[in-house]
Amino acid sequence: MLRTTVLTAGKRVSLVLGLPAVLFAVWWFATAGSTDFYVPPLSTVLQKFGEVWTGARLESDVLPSLLRLGAGYLLAVVIGVGLGLLVGLSRVVRDVLEPVLELFRAIPPPVLVPVIMLFAGIGDTMKVIVIVSGCVWPILLNTVEGVRAVDEVLSDTCRSYGIGGPSRLWHLVLRSASPQIVTGMRQSLSIGIILMVISEMFAASNGLGFTIVQFQRSFAIPEMWSGVLLLGLLGFVLSLLFRLAENRILAWYHGLRRAQRTP
Amino acid sequence: MLDVRDLQKIYTGRNRTVEALRNLTFHIDAGELVCLVGPSGCGKTTLLKCMAGLLTPTDGEVMLDGRPVSGPPPGMAVVFQEYGRSLFAWMNVRDNVALPLRRKKLGKARERELVEHALEVVGLADAQHAHPWQLSGGMQQRVAIARAVAFEPKVLLMDEPFAAVDAQTRAELEDLIRRLWHELGVTVLFVTHDIDEAVYLGQRTIILSASPTVVLEDLAIDLADERDQLHTRASTRFAELRSHVYEQIQRAKHHNGDTERTGAAGAADDLALQISEP
Numbered sequence: 001m002l003r004t005t006v007l008t009a010g011k012r013v014s015l016v017l018g019l020p021a022v023l024f025a026v027w028w029f030a031t032a033g034s035t036d037f038y039v040p041p042l043s044t045v046l047q048k049f050g051e052v053w054t055g056a057r058l059e060s061d062v063l064p065s066l067l068r069l070g071a072g073y074l075l076a077v078v079i080g081v082g083l084g085l086l087v088g089l090s091r092v093v094r095d096v097l098e099p100v101l102e103l104f105r106a107i108p109p110p111v112l113v114p115v116i117m118l119f120a121g122i123g124d125t126m127k128v129i130v131i132v133s134g135c136v137w138p139i140l141l142n143t144v145e146g147v148r149a150v151d152e153v154l155s156d157t158c159r160s161y162g163i164g165g166p167s168r169l170w171h172l173v174l175r176s177a178s179p180q181i182v183t184g185m186r187q188s189l190s191i192g193i194i195l196m197v198i199s200e201m202f203a204a205s206n207g208l209g210f211t212i213v214q215f216q217r218s219f220a221i222p223e224m225w226s227g228v229l230l231l232g233l234l235g236f237v238l239s240l241l242f243r244l245a246e247n248r249i250l251a252w253y254h255g256l257r258r259a260q261r262t263p
Numbered sequence: 001m002l003d004v005r006d007l008q009k010i011y012t013g014r015n016r017t018v019e020a021l022r023n024l025t026f027h028i029d030a031g032e033l034v035c036l037v038g039p040s041g042c043g044k045t046t047l048l049k050c051m052a053g054l055l056t057p058t059d060g061e062v063m064l065d066g067r068p069v070s071g072p073p074p075g076m077a078v079v080f081q082e083y084g085r086s087l088f089a090w091m092n093v094r095d096n097v098a099l100p101l102r103r104k105k106l107g108k109a110r111e112r113e114l115v116e117h118a119l120e121v122v123g124l125a126d127a128q129h130a131h132p133w134q135l136s137g138g139m140q141q142r143v144a145i146a147r148a149v150a151f152e153p154k155v156l157l158m159d160e161p162f163a164a165v166d167a168q169t170r171a172e173l174e175d176l177i178r179r180l181w182h183e184l185g186v187t188v189l190f191v192t193h194d195i196d197e198a199v200y201l202g203q204r205t206i207i208l209s210a211s212p213t214v215v216l217e218d219l220a221i222d223l224a225d226e227r228d229q230l231h232t233r234a235s236t237r238f239a240e241l242r243s244h245v246y247e248q249i250q251r252a253k254h255h256n257g258d259t260e261r262t263g264a265a266g267a268a269d270d271l272a273l274q275i276s277e278p
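Heads up: the protein sequence lines correspond to chains A and B, in order. Taking our numbering, the leading residue of the first sequence gets 1, the next gets one more, and so forth. Taking our numbering, the leading residue of the second sequence gets 1, the next gets one more, and so forth.
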């Protein structure tokens, strides 16, 4: 039993890390000794990575980007879940808001950057708004679905025991919608990273997107590649952290699913 | 205690109205254990939901202790058939039982006492920290019963609670209900489609017709109060009562509010009915 768990754990790690390792190796060997100015050898990129992304730049560029992402993402979660609850719980609100929401949802957030710049300036506020404007949709729509799918029997149970108001909202509605809400949040996370970079490419004086564009414009190609690599790693780490948090918060849901699959 | 008077429920859908309950009148005394039995699809659940204040009847009323029921009354607990859907999957057994008590603001110590006692009487003292989906169906229904017990209701409504559990578990749970009823002195209304169960459990069995539903018979179950699965079910009186209820249910399948009325009611009434029927 223990032996098989150890084996499957080892197997899982090799499954998870296998393809990235292969891709990395392919990149390494395909670019080794490359003389192409735009495709420098991976060894050069890695060497630049160590030089560029340690020390002062962590604080001056990586940290501001992460803070904007964090602020935008959290705000999107609050707005998405809050509005999703309203829309999901009230038929009237749903009828009124749905056409407007569909319209806004169809607009790609990068298009909004110049518009948002007009009223929010070119500071951090603009970048946070851009991130929110993209991240909010998956969270909002999934929350609405989750709230509407609250089990009728459970809802009746709450009513007959007089569980209402905030208690019902927390113990029944939010908890039973949480698998969908988390799904929306997972989709939003990658959208958030993309929008963080895009918003910093337009008008910024620091940040990851800004730095990568700077490198590209000054023909510091290995440095630019190292920035791209860092973005990839950032996405990987964030999704790993997300997975860890999800496994804790939705432990009941995964258990329930397993129990339903093996009756 | 619990009075149902001229209860009628008509569901109105798009170009279709369905009269689930025609006219139901019955009375349950405090401390009674009454079974409601009827053919499948006879509106038992509709009736129970009306009594629990979860559905508003089209006409007539339900009175609890002389007061009309207009929403879920505080002294009432409901145990549903779908145990898997009536428990909070994200809470452990203990929290499932404790949640309805929080609103009562009894204080931590009293709340704990009630929860632990309830779990003990249903035989789940060891499963407190498990999640519902880690338990068998019968055990999950025990959790739902424990939750109702901890709530200390005056009236306990049960909607075919054992329809989805296996026969052995069902027998155990039936005896559990008899025992709890004796110990707690609570009034129990037990809805079922199982004829044996309807005879075995209650002091009275109310037999319903097919939909649109009326009361066909209000039958006193004159079995000894001390019941057990083996001897009670083997007794002659049990067999007699069982056949009687069985015959009534067979009759009920072809008998509903319409046939009931045709004999007694006038022609104008019939005409009105035909118009209102889908």
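Worth flagging that the hints you see were computed from the coordinates, not collected in a lab. Treat the hints with care, as some may be off.
[Claimed, not checked] Quick look at which bits of chain A chain B covers, simulated, 3 or more residues with Cβ under 8 Å: (1) 154-165; (2) 248-259.
[Said to hold, decoys possible] Label-pair distances were calculated between CB atoms; the ranges are: (3) A:17 <-> B:110: 49 to 57 Å; (4) A:149 <-> B:27: 46 to 54 Å; (5) A:10 <-> B:129: 43 to 51 Å; (6) A:46 <-> B:129: 47 to 55 Å; (7) A:245 <-> B:25: 53 to 61 Å.
Each residue gets a CB set at the ideal place from its N, CA and C atoms; glycine is no exception.
Now for the hints, and whether the structure bears them out:
1. 154-165: As far as the segment 154-165 of chain A goes, the hint holds, because 8 residues have Cβ atoms under 8 Å from chain B.
2. 248-259: Coverage by chain B holds here, the residue count being 5 at a Cβ distance below 8 Å.
3. A:17 <-> B:110: 49 to 57 Å: holds, 54 Å
4. A:149 <-> B:27: 46 to 54 Å: Violated, at about 40 Å.
5. A:10 <-> B:129: 43 to 51 Å: Taking Cβ atoms as reference, residue 10 of chain A and residue 129 of chain B lie about 31 Å apart, which means the hint is violated.
6. A:46 <-> B:129: 47 to 55 Å: Taking Cβ atoms as reference, residue 46 of chain A and residue 129 of chain B lie about 49 Å apart, which means the hint holds.
7. A:245 <-> B:25: 53 to 61 Å: holds, 57 Å
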